[in-house]
Amino acid sequence: MSDTLISLEDVGLTLASPAGDVEILRGIGLEVVAGEQVGIVGPSGSGKSSLLMVLGGLERATSGRVTVLGEELTALDEDALARLRRDRMGVVFQSFHLIPTMTAIENVATPLELAGRADAFDRASSLLKEVGLGHREGHYPAQLSGGEQQRVALARALAPRPQLLLADEPTGNLDGRTGDAVVELLFGLAAEEEATLVMVTHAPALAERCGRVLSMADGGVVSDERATWEAAE
Amino acid sequence: MSVADAGEAASGQGGMLRFAWAVALRELRGGLAGFRIFLLCLALGVAGIAAVGSITAAIQAGLAAEGRTILGGDASITLTYRLASDEERAWMDAAGDVSEVVDLRSMVGTTGAESERALAQVKGVDGAYPLYGEVQLGDGGALDEAVAERDGHWGLVAEGVLVDRLGLKPGDKLRLGTGTFEYRGRLTQEPDAAAGGMALGPRVLVATEGLRASGLLGPGTLFESLYRLRTAPATDLDALEVSFGDAFPEAGARWLDRANAAPGIARFVERLGAFLVLVGLAALVVGGVGVGAAVRGYLTRKVPTIAALRTLGAPAGTVFAAYLMQVGLIAALGVLIGLAVGGGGVALAGPWIAERLPVPAAFGVYPTALIIAGIYGMLTAALFALWPLSWLREVRPAALFRGEDGRDTLPRPGMLAVLAGTTIGFAALVAALSGAPKIALWVLLGIGAALALLRAVGFLVARGAARLARGPLGRRRPMLRLALGAIGAPGTGTVDVVMALGLGLGVLAAIGQVDANMQRFIKAELPAGAPAFFLVDIQPHQLDPVRAALDETEGVGRVDTAPMLRGVITELEGVPAAEAEIDPEAAWVLRGDRGVTYAAEPPDGAVLTAGEWWPADYDGPPLVSFIDEEGRQLGLEPGDSITVSVLGRPITATVANLRVVDWRGLGINFIMILSPNALAGAPHTHIATVYAEAAAEAPVLRMLGQEYLNVTAVRVREQIERVSGALGKLGAATRWGALAVLLTGLAVLIGAAGAAAERQVREAAVLKVLGAERRSILGSFALRTALLGAIAGFVALLWGSLAAWGVTRFVLDGDFALAPGAALAVVAGGAFLNLLAGLVFAARPLRLRPAGVLRMQEG
Chain C
8 MSDTLISLED VGLTLASPAG DVEILRGIGL EVVAGEQVGI VGPSGSGKSS LLMVLGGLER
68 ATSGRVTVLG EELTALDEDA LARLRRDRMG VVFQSFHLIP TMTAIENVAT PLELAGRADA
128 FDRASSLLKE VGLGHREGHY PAQLSGGEQQ RVALARALAP RPQLLLADEP TGNLDGRTGD
188 AVVELLFGLA AEEEATLVMV THAPALAERC GRVLSMADGG VVSDERATWE AAE
Chain B
272 MSVADAGEAA SGQGGMLRFA WAVALRELRG GLAGFRIFLL CLALGVAGIA AVGSITAAIQ
332 AGLAAEGRTI LGGDASITLT YRLASDEERA WMDAAGDVSE VVDLRSMVGT TGAESERALA
392 QVKGVDGAYP LYGEVQLGDG GALDEAVAER DGHWGLVAEG VLVDRLGLKP GDKLRLGTGT
452 FEYRGRLTQE PDAAAGGMAL GPRVLVATEG LRASGLLGPG TLFESLYRLR TAPATDLDAL
512 EVSFGDAFPE AGARWLDRAN AAPGIARFVE RLGAFLVLVG LAALVVGGVG VGAAVRGYLT
572 RKVPTIAALR TLGAPAGTVF AAYLMQVGLI AALGVLIGLA VGGGGVALAG PWIAERLPVP
632 AAFGVYPTAL IIAGIYGMLT AALFALWPLS WLREVRPAAL FRGEDGRDTL PRPGMLAVLA
692 GTTIGFAALV AALSGAPKIA LWVLLGIGAA LALLRAVGFL VARGAARLAR GPLGRRRPML
752 RLALGAIGAP GTGTVDVVMA LGLGLGVLAA IGQVDANMQR FIKAELPAGA PAFFLVDIQP
812 HQLDPVRAAL DETEGVGRVD TAPMLRGVIT ELEGVPAAEA EIDPEAAWVL RGDRGVTYAA
872 EPPDGAVLTA GEWWPADYDG PPLVSFIDEE GRQLGLEPGD SITVSVLGRP ITATVANLRV
932 VDWRGLGINF IMILSPNALA GAPHTHIATV YAEAAAEAPV LRMLGQEYLN VTAVRVREQI
992 ERVSGALGKL GAATRWGALA VLLTGLAVLI GAAGAAAERQ VREAAVLKVL GAERRSILGS
1052 FALRTALLGA IAGFVALLWG SLAAWGVTRF VLDGDFALAP GAALAVVAGG AFLNLLAGLV
1112 FAARPLRLRP AGVLRMQEG
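Chains C and B are the protein sequences, given in the same order. Under my numbering, the first residue of the first sequence carries the number 8, and numbering increases by one thereafter. Under my numbering, the first residue of the second sequence carries the number 272, and numbering increases by one thereafter.
Heads up, some of the hints might be wrong.
Facing chain B, according to a computed beta carbon distance under 10 Å, are these residues of chain C, among others [as the list claims (entries may be wrong)]:
1) E66
2) L88
3) V98
4) F100
5) I112
6) R143
7) Y147
8) D175
I should point out that these hints are in silico values taken from the structure, not numbers from a laboratory. Positions of the beta carbon are idealized from the N, C-alpha and C atoms, including for glycine.
Between the sequences and the hints, there should be enough to build the whole structure, so can you do that?
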């Protein structure tokens, strides 16, 4: 199907640990089409975040096929994966992962600069304004609150106008009100940029906002539900 | 103090200390992983100082143990220019067994058509020589037989250098003075070799009787006679010395005994040891930067523990004590490792080192040297660790929970006073132990100023880099911005790297520049205006013919001559020289005999700084013109009197003037010039300086060899090469010391790079998420380390050159010129070293997959 953005076939992930190999993901099959908003839920250790890492090419599946944005990820080397993310993906983490030695605007501009975009700072500036941090451009991460840091991370993830936005518990480190504000921004901006969203979350209410909810347990997908209005449609 | 505080202080101080100790031990159970660089830095510096101290002590012990062998007797009496009188000899014979040795410089030449001559240090010995130790000849023969008269020729043995230069075979005939000697063997061991003064040529041994027959002991020739005494074991040598002085107050003799057999060497070893300890201290201070950084890093990691302790009610002082104890224990371990490596290493390598030393050494473990090195180590650790530790007394628990750390907290006044006291104690100890307190304090001041400068520069570099990263330069160059950002961001170790690398490279730069300038003085500047030869021992009747012959030799320019005697200063203003209070810098003037001349006119180029020159026809009481600097150091000014013993005859002269002399010209110059009437009638020879082209040197030597056998020609070029070679060896010793400083600096760099490694791992992971390729990430890491290294190198060059300028200008009294090659090497070396340290830690961030790193972060 031409608008399939993500296609996983029997994907497994086994990681070595001092206590022996640990099977993190097993037999995952998944298709996500462009424009979908997918929430992944499940208890701790169910493999949600690992699945997201595999989708972002941040972790290499140990079995199966992972095709994202038309590219077979297992066939790409580290640098090719980096280029793919740079041009077509955005990732938001629970712990923000801003570069501590760069200011807010520099953090947002970095992926654009890596792509050689001349308007990197203009776009970074307008994105920061959009997330309500126009007045905080010159601040370092350490000088920002958690909610502000996550908003910078969101702006950074959306800066290259990604086709695929991956979010790993984006509100996990934030209080309720701040989290809500970030969520509003996340959904609003993803829709505005027409990005496909895959989000890992512990919060059922947040997952509910996605059109599709994937439940995971023990490294496998146990249910895949689409919202009723979408199903009816 | 509040009532509650008082109660706590009274009841709980001991308990709190026990608690602190328990916490310290519990914290250390986790191992020493965070303290490897701390230990390495401290151990390297302490090992260096312990090694230098142990080697110095071993040589001093060796000199003391071998004292009588080196001296050639239990006591030695040196007379200048003459042999002992019958009365003196009778006194000596009564004191014990006596060996008479005569020491002089002379030319030794082969016979035949193609005669070759070389300057040699000739020693005439009697049958009793050596009283102690053993002379060894290459063929294993006995010295007595080798130097005895056989078939009308006296025998001669010579050091290998001379044998090889003249291509000698046993049986070859050699001319020495007016006599012909037979070469009989290679001298492989001379027990009292170290006792002699500065040898201008290889050693030759002959029988004194043979020497006498060759006319080299005639009146006016320059020689020393040394009388070695073998006394009964219980003899009080100090009393014996006094008794000789009382019996022969005008002898002008120099007395040495086995306790102080080679004062020159002992002094040299002590000075060199003190200097190398200063270099070692520089290494320790560089290590101190690493210690400080390690303590800060450790405390930052321990913030959760410290916060918990404070929340649970531990007073700030107790927490401080707990971490002070930990740091103290680890510092003690580092010091012990350093002492084991430095002291133990020297003791183990003793036999190997001893073989390579020109002086005797008794290797072993020298506790004093180790204790001193240990104290230096602990003081340095205290100096650099107390500042970061003092933050523990200031910080509030809430700040800890916010994740604050204390890198920029100014300690409270009490702690500042402790730090100041430690610094002063450290400086006082160094000054007291160095033997040259003024130089030691200058060096410490230099190191302190350099540290302050480097700290300021490190701070400015961090600020500047942060600003540049945000400016247009950083735009669209994310990797450059990342590099600049990493240099500029707080807590990235920029200041530590600039300080450690800057200090290490600065010491290297200073030593390199001083060395280059010294070599330049000797090789380039001096010989340009320097004479080709000094001719010594020209008899009065030979003066005119020698001058005429020189004038006729092609390529010979100016020839200066002066009458030459030797004299010992015995009194200053009526006070015996040994008791006079003088500046120690001028002690050498009184130590032995000095050249003395007389003149009616001031020498060319001399500038009088006090007093006046005497009239050309002056005929009053003896007057003397003294060199300005040494004269002032001896406390002399016009009108004062000095007594000089010339040929055993005391001459008391009034200082008429002081004059300045430029020694670098190497022309004829004397410490003392007497008015002509003072030396009227004294038998003397003449000295000449011959200015000649290099091509004229061989003809001059040939002419002298054919007609003036007694005249000794010292080739300036040859001596400059000898001095240059000796300086080169000194330079090498110093460079090894500087390398130790740099090695410690490298340890600090690796520590800083290691501390930055975790951050780099996170950065690399995030950058990969954002789409950066590994090549760009590596480029950025390399750029930041090389950039920082180059900046540190540049600052090192600045302060190192400034220090070198100071040493060259004020200690060596010369003009300073920057050696560009060495300078460039310092900057490039800085960049390279820091790059190297950075790259050691770059592989991991590049290799790790982002998911693993980020998963750890997500917790």
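Results for each hint:
Taking 10 Å as the C-beta cut-off, the interface hint given for E66 (chain C) holds, the closest approach to chain B being about 4 Å. Restraint check, L88 (chain C) versus chain B: the minimum CB separation of about 8 Å is within 10 Å; hint holds. The restraint placing V98 (chain C) at the interface with chain B holds, with a minimum CB-CB distance near 5 Å, inside the 10 Å limit. The restraint placing F100 (chain C) at the interface with chain B holds, with a minimum CB-CB distance near 6 Å, inside the 10 Å limit.
A distance limit of 10 Å between C-beta atoms decides the matter here; for I112 (chain C) the minimum to chain B is near 9 Å, and the interface restraint holds. A cut of 10 Å between beta carbons decides the hint on R143 (chain C): the least distance to chain B is about 14 Å, and the hint is violated. The restraint placing Y147 (chain C) at the interface with chain B holds, with a minimum CB-CB distance near 7 Å, inside the 10 Å limit. Hint on D175 (chain C) holds. Least Cβ distance to chain B is approximately 7 Å, under the 10 Å limit.
Comparing the model with each earlier hint shows a violation of hint 6 alone; every other hint is respected.
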